[in-house]
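Go by the hints and put chain B onto chain A.
Given next are the chains, with one letter for each unit.
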Amino acid sequence: MSGLHAAPLDGPVLVLAGGLSHEREVSLRSGRRVADALRGRGLDVVAVDADAALLPRLASDPPAVVVPLLHGASGEDGAIRDVLDLLGLAYVGSGPTACRAVFDKPAAKAALTAAGLATPDAVALPETTFRELGAAAVLDALVDRLGLPLMVKPARGGSALGASLVTAREQLPTAMVGCFAYGDVALVERAVRGREVAVAVLDGADGPVALPAVEVVADGGVYDFTARYTAGATEFFAPARLDPAAAEACAAAALTAHRALGLADLSRADMIVDDDGRAWVLEVNVAPGMTETSLVPLAVAAAGADLGGVWEGLVRHAVARGSRRPLPVAAAP
Amino acid sequence: MASTVGDRLDPWLDSYAAQARSMTASQIRALFAVASRPEVVSLAGGMPAISALDLDDVAGLVAQVVAAQGGAALQYGSGQGDVALRELIASAVLPPVGVSAHPDDIVVTVGSQHALELVTAVFCDPGDVVLVESPSYVGALSVFAAAQVRVVHLPMDDDGLVADAIAPAVAALAAQGRRVKMLYTVPSFHNPAGVTQPPQRRAAVLAAAQRAGVLVLEDDPYALLGFDEVVPRALRADDPTGVVYLGSFSKTFAPGLRVGFAVAPHGVREKLVLASEASVLCPSALAQLTIAAYLTHRPWWEQVKAFRELYRERRDALLDAMTALLPAATTWTRPSGGFYSWVTLPGGLDATAMLPRAVTARVAYVPGSAFYAPADADAGRSSLRLSYCHPTPDRIREGVRRLASVVGDELALADTFGTAAAGLRPAGPGPDVA
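For the protein sequence lines, the chains are A and B, in the order given.
Per our numbering, the first sequence starts with residue 206, numbered consecutively.
Per our numbering, the second sequence starts with residue 14, numbered consecutively.
In short, the hints are calculated from the structure, not lab data.
All figures in this text were calculated on a predicted structure; none of them were measured in a lab.
A virtual CB, placed ideally from N, CA and C, is assigned to each residue, including glycine.
It cannot be assumed that every hint is accurate.
With the Cβ distance kept under 7 Å, some of the chain B side facing chain A (calculated, not the full set) [stated by the list, open to error]:
1) 22
2) 37
3) 43
4) 432
Here chain B is said to cover these stretches of chain A; the calculated rule only asks that three of the stretch's residues, wherever they fall, bring their Cβ under 8 Å from a Cβ of chain B [stated by the list, open to error]:
5) 226 to 240
6) 332 to 340
7) 376 to 384
8) 437 to 444
9) 493 to 503
Next comes chain A alone, as it looks inside the complex:
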């Protein structure tokens, strides 16, 4: 990493955080932490919300590079990145097409399966299906097919918002109602028992590299919103307590997911390692959290690296890459 004496950038680093999603607060925290880490490397950083003032600002004071740290819809569904591409701006992270595929959990699971990765059996159903077919019959069918326990979570969105662990059939209706408050489609997934780990992948000069797996053990047994963002409520092991073969399997799974989904710069794969050492990939994140209790910063530290250094590397790589998608040129008649 080049540090304080590297070539100055042609404009500030614009950290984009906040937005209107349910994860606004988490995003603001991620943004603050990354902005501070980059400032610590001597870079000129501005932290900006994604609101009506954003585009005028990008036009009047173009940044050298954008760091999108928006979590949830628009930040992770590719929409904001489409706009950045439209404006010809360089940014850190995956492009819009990959983001769209990853943000939609059922689509991502299909892609993971196609890449040969294990992901728990799941069914994604919109609210309307339950209305049309009768909820009780559909829920019975889900339990018959997937068994118990189940994880119910919104098909789109993160931070475990709207997600719940269902251990008995009678808990399902309330879990579904809680889930549909966050989105129109619910993913009902077989809950795999085992160690809960996350593996971050960073694109390096020689291709993607997996950082050490981070293991989470939430006090309440479920790594929910409170467990994620209350310091002390979760015990983290970095590196995870895995035997070498399982650790290798997790790293390989994360790298395969990163490549198969066409991700760039940085991603985080969340998985469960079952008692047989098999890594089940639950989901992949294109804008993983960077808060004080988030997993990627722990993985960076476990790798013996410095968060500011890693982010400076990502920023400079994105600047060198430049705009990814030039404006389309109208076809000749």
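Using the frame of chain A, we list chain B on its own:
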């Protein structure tokens, strides 16, 4: 080699007080971060409409205070509060609510929230009982929780606290060996219920408290903001020894100055001053002198009247929009002053579970469970508080339109999954106006 003990990312975990264990990140709190965005119609926070103030004039007033009294304004002051401000509170602010007090009876505090904390510290040991209304002000519940006080909710009806519930509650608690130290009530334009105790109810509450030997903590920040000409007479006006009265300049002037006050019997007041000195040394002298100058040199009563008109217009916008738009069987209170209406959802809908859907629809409210002690949170499950003080009437109408759609969708969902309740309206304030 992997460690056998993980990292909890907080080296002080073993050092925290027991009560800090309940201080955790909350999904609901996180959702409110979105409510601060202008796209969202926030019917959640009770933020006074300070846009109605002439800010240039206030700036001039602060400059004048610093220029003329800077030596005092920027210095430490009395723990009891600036005497000139206490005289003004006694002569101008308290008479409209019928309270006759000597300036020495008054303790100026850092907002009335601070006064709440001081009174609680002076009266309550961990495990003591405070009686509160159902629902009750969330800020008071936080203070009681921090003091490890046991909160017992008493029922309310459309005339506020049910006085007849006081004696049986005190007796039942006494039978368990528990001593009730205080009765906490917001008699006028209740936060969050929006109801007001009429005179005969106030008399009954006072009589019941006196018979039970329980101190009344009267929280009265909205008293001057009624939409009728008559200002409700404070409980303290009729029982200066049995009532500690809390007032505030946050709603009648500006919450950013953080100035409130307590009016207390002599012995209590002495202890409140000592407790306040231990807590903050003294309230901000600059803020106190600014308020004293405002009360002396500005037509503050005219400003109060302007606030009333503004809030009345917003209250009307809210009630009209709710009548026109909210699904049948939704009920709500019709406040005659203050900032809030208490809405109870149809079909036993869970207002907390519905909040993310509301935020997605760009409208925010405070779920009713927030106004109950955690053990009783289910009692507020189907209710929510709507504040009409901050958004303009047009925005209020738009907010209710969005909320109506959210409630409709949530009803359909509850119907689909069979999670709707039998439809019984929970006990509490709120005439069925649907």
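Okay, the hints, checked on the actual structure:
| no. | hint | verdict |
| --- | --- | --- |
| 1 | 22 | holds, 5 Å |
| 2 | 37 | holds, 4 Å |
| 3 | 43 | holds, 4 Å |
| 4 | 432 | holds, 5 Å |
| 5 | 226 to 240 | holds (count 7) |
| 6 | 332 to 340 | holds (count 4) |
| 7 | 376 to 384 | holds (count 5) |
| 8 | 437 to 444 | holds (count 8) |
| 9 | 493 to 503 | holds (count 3) |
Consistency with the previously given hints is maintained throughout, with no hint failing.
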